[in-house]
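Enquirer: Spelled out, the chains give:
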Amino acid sequence: MKKSLLFVVASVALIGSLALTQTPSGPKHHVVFQLSEDNGPAWEAVVIHVNNTRKALAEDGGSEVEVVFYGPGLLMLKKSNTAFEERLEKLSKDGVKLLACRNAMKNRNLKTEDLFAFAGQVDSGIAEIVRKQEAGWAYIH
Amino acid sequence: MKKSLLFVVASVALIGSLALTQTPSGPKHHVVFQLSEDNGPAWEAVVIHVNNTRKALAEDGGSEVEVVFYGPGLLMLKKSNTAFEERLEKLSKDGVKLLACRNAMKNRNLKTEDLFAFAGQVDSGIAEIVRKQEAGWAYIH
Amino acid sequence: MKKSLLFVVASVALIGSLALTQTPSGPKHHVVFQLSEDNGPAWEAVVIHVNNTRKALAEDGGSEVEVVFYGPGLLMLKKSNTAFEERLEKLSKDGVKLLACRNAMKNRNLKTEDLFAFAGQVDSGIAEIVRKQEAGWAYIH
Numbered sequence: 001m002k003k004s005l006l007f008v009v010a011s012v013a014l015i016g017s018l019a020l021t022q023t024p025s026g027p028k029h030h031v032v033f034q035l036s037e038d039n040g041p042a043w044e045a046v047v048i049h050v051n052n053t054r055k056a057l058a059e060d061g062g063s064e065v066e067v068v069f070y071g072p073g074l075l076m077l078k079k080s081n082t083a084f085e086e087r088l089e090k091l092s093k094d095g096v097k098l099l100a101c102r103n104a105m106k107n108r109n110l111k112t113e114d115l116f117a118f119a120g121q122v123d124s125g126i127a128e129i130v131r132k133q134e135a136g137w138a139y140i141h
Numbered sequence: 001m002k003k004s005l006l007f008v009v010a011s012v013a014l015i016g017s018l019a020l021t022q023t024p025s026g027p028k029h030h031v032v033f034q035l036s037e038d039n040g041p042a043w044e045a046v047v048i049h050v051n052n053t054r055k056a057l058a059e060d061g062g063s064e065v066e067v068v069f070y071g072p073g074l075l076m077l078k079k080s081n082t083a084f085e086e087r088l089e090k091l092s093k094d095g096v097k098l099l100a101c102r103n104a105m106k107n108r109n110l111k112t113e114d115l116f117a118f119a120g121q122v123d124s125g126i127a128e129i130v131r132k133q134e135a136g137w138a139y140i141h
Numbered sequence: 001m002k003k004s005l006l007f008v009v010a011s012v013a014l015i016g017s018l019a020l021t022q023t024p025s026g027p028k029h030h031v032v033f034q035l036s037e038d039n040g041p042a043w044e045a046v047v048i049h050v051n052n053t054r055k056a057l058a059e060d061g062g063s064e065v066e067v068v069f070y071g072p073g074l075l076m077l078k079k080s081n082t083a084f085e086e087r088l089e090k091l092s093k094d095g096v097k098l099l100a101c102r103n104a105m106k107n108r109n110l111k112t113e114d115l116f117a118f119a120g121q122v123d124s125g126i127a128e129i130v131r132k133q134e135a136g137w138a139y140i141h
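Residue numbers (my numbering), protein chains in the order written: chain U, 1 to 141; chain X, 1 to 141; chain P, 1 to 141.
Isolated chain U, as found in the complex:
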């Protein structure tokens, strides 16, 4: 009786500590992409890569994905970048967070109204990537 109680307690401690080292419920996979390049192959690639990654991981527990835009990569989120508007809006509607770095916005004197309405914002693009890695997200650049 006492022994079985001991094992229950030990199991609870074990399961508890396991749970605490994992990301909370929801999709099984968590991925943060960095988009810091100027207009060029990286812009085409990031859309394709996010879609392919989500499709591959959908068969294995699903994924939560965000893309952090900073440096010259921020320009991909400008409203005037109509060539990518449809593809980016589709990503956003699919639940992918597209996040603009406020440091990059300041550097380039871009305001919220200069960016696509579906873009979110973070104080610092790199700090955001750091926080996500700390929370167990995979990082892709």
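To be clear, the hints were calculated from the coordinates, so they are not data collected in a lab. Keep in mind it's a predicted model, so treat the numbers as computed, not measured. C-beta: ideal position from N, C-alpha, C; glycine also. It is possible that some hints are incorrect.
[Stated by the list, open to error] Cβ pair distances, simulated, as ranges:
#  : chain 1 : residue 1 : chain 2 : residue 2 : range
1  : X       : Asn39     : U       : Lys93     : 44 to 54 Å
2  : U       : Ala135    : X       : Asn109    : 23 to 33 Å
3  : U       : Pro41     : X       : Glu86     : 47 to 57 Å
4  : U       : Asp38     : P       : Lys55     : 34 to 44 Å
5  : P       : Glu59     : X       : Asp114    : 51 to 61 Å
6  : X       : Asp60     : U       : Ala135    : 44 to 54 Å
7  : U       : Glu89     : P       : Lys111    : 47 to 57 Å
8  : X       : Asn39     : P       : Asn109    : 19 to 29 Å
9  : U       : Thr82     : X       : Lys111    : 19 to 29 Å
10 : P       : Glu59     : U       : Asn107    : 25 to 35 Å
11 : X       : Gly40     : P       : Gly95     : 31 to 41 Å
[Unchecked claim] Going by beta-carbon spacing under 8 Å, a handful of chain U positions derived as facing chain X:
#  : residue
12 : Ser25
13 : Gly26
14 : His29
15 : Val47
16 : His49
17 : Asn52
18 : Ala56
19 : Leu75
20 : Leu99
21 : Thr112
22 : Ala138
23 : Tyr139
Based on the hints, put chains X and P in the right spot on chain U.
Expert: Below, chains X and P alone, put in the same frame as chain U:
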């Protein structure tokens, strides 16, 4: 007597939970390299970097290394890329896994027989990198 | 009485295992930057990015930051690179570790006296990044 049993159980729980957060036995270090660039300095560099990394980590518990080829980087694994064949085959014989992304193969209409015989394949290069990071592998790009 | 002891032991096991999965005391955040590019936009960017990241994380527990220079990126640490001397020395004085890869030094026949006096050295730049990721540091490239 009962107290000592308690401590044994607690220790087992502690060691068990520790073990579960680490990569299984084998080499101490686990590294996944991304090769997504077209022909150029990145191709020369990846061979040198993998070799140097393995050498440095050999003195400290050894390493398990894989390189994931996707985007235009997939072309490095084409049989016709004879300039790199010997160096890549040497890596493969040394135990480094060289993995082609099947999405990139489809995009470029490349079949298994178009790639070096020593190349492996994964469904999605990025999903592979994500899974490795989730399993505690270091990521280098 | 015995039950309460059990819970104390279980809690100790739980807290102990938690503590062991976290980075030791000091700043809350730990970030390793890779600088492997030749002279160009990446050199300007790394200084700005390290400063912005440290500023953003200063409001949230602080950060320990190091930058690993390898490949052609090593050249940024050459004494003759006077255009960046002041900015790099400022980073170093702010506590950011600037580390030269000894493999890259050998490849380019550069000696300790060819590099800025405030630069440190590591056996292998990539092995250093691997070790930092293993120790829970976020990686930015």
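Enquirer: Now tell me if each hint is right for this structure.
Expert: Checked hints:
1. X/Asn39 / U/Lys93: 44 to 54 Å: Hint violated: Cβ distance 37 Å, outside 44 to 54 Å.
2. U/Ala135 / X/Asn109: 23 to 33 Å: Since U/Ala135 and X/Asn109 have Cβ atoms about 39 Å apart, the given range 23 to 33 Å is violated.
3. U/Pro41 / X/Glu86: 47 to 57 Å: For X/Glu86 against U/Pro41, whose Cβ atoms are near 29 Å apart, the range 47 to 57 Å is violated.
4. U/Asp38 / P/Lys55: 34 to 44 Å: violated, 24 Å
5. P/Glu59 / X/Asp114: 51 to 61 Å: Once the Cβ atoms are compared, 52 Å apart, the range 51 to 61 Å for X/Asp114 and P/Glu59 holds.
6. X/Asp60 / U/Ala135: 44 to 54 Å: violated, 28 Å
7. U/Glu89 / P/Lys111: 47 to 57 Å: Taking Cβ atoms as reference, U/Glu89 and P/Lys111 lie about 54 Å apart, which means the hint holds.
8. X/Asn39 / P/Asn109: 19 to 29 Å: holds, 27 Å
9. U/Thr82 / X/Lys111: 19 to 29 Å: violated, 37 Å
10. P/Glu59 / U/Asn107: 25 to 35 Å: Given about 19 Å between the Cβ atoms, the range is violated.
11. X/Gly40 / P/Gly95: 31 to 41 Å: holds, 36 Å
12. Ser25: violated, 16 Å
13. Gly26: violated, 15 Å
14. His29: holds, 6 Å
15. Val47: violated, 13 Å
16. His49: holds, 6 Å
17. Asn52: Holds. Min distance 5 Å.
18. Ala56: holds, 4 Å
19. Leu75: At about 21 Å, which exceeds the 8 Å cut-off, the nearest Cβ of chain X leaves the hint on U/Leu75 violated.
20. Leu99: Status violated, d = 19 Å.
21. Thr112: violated, 30 Å
22. Ala138: Given a least distance of 4 Å, the restraint on U/Ala138 holds.
23. Tyr139: holds, 7 Å
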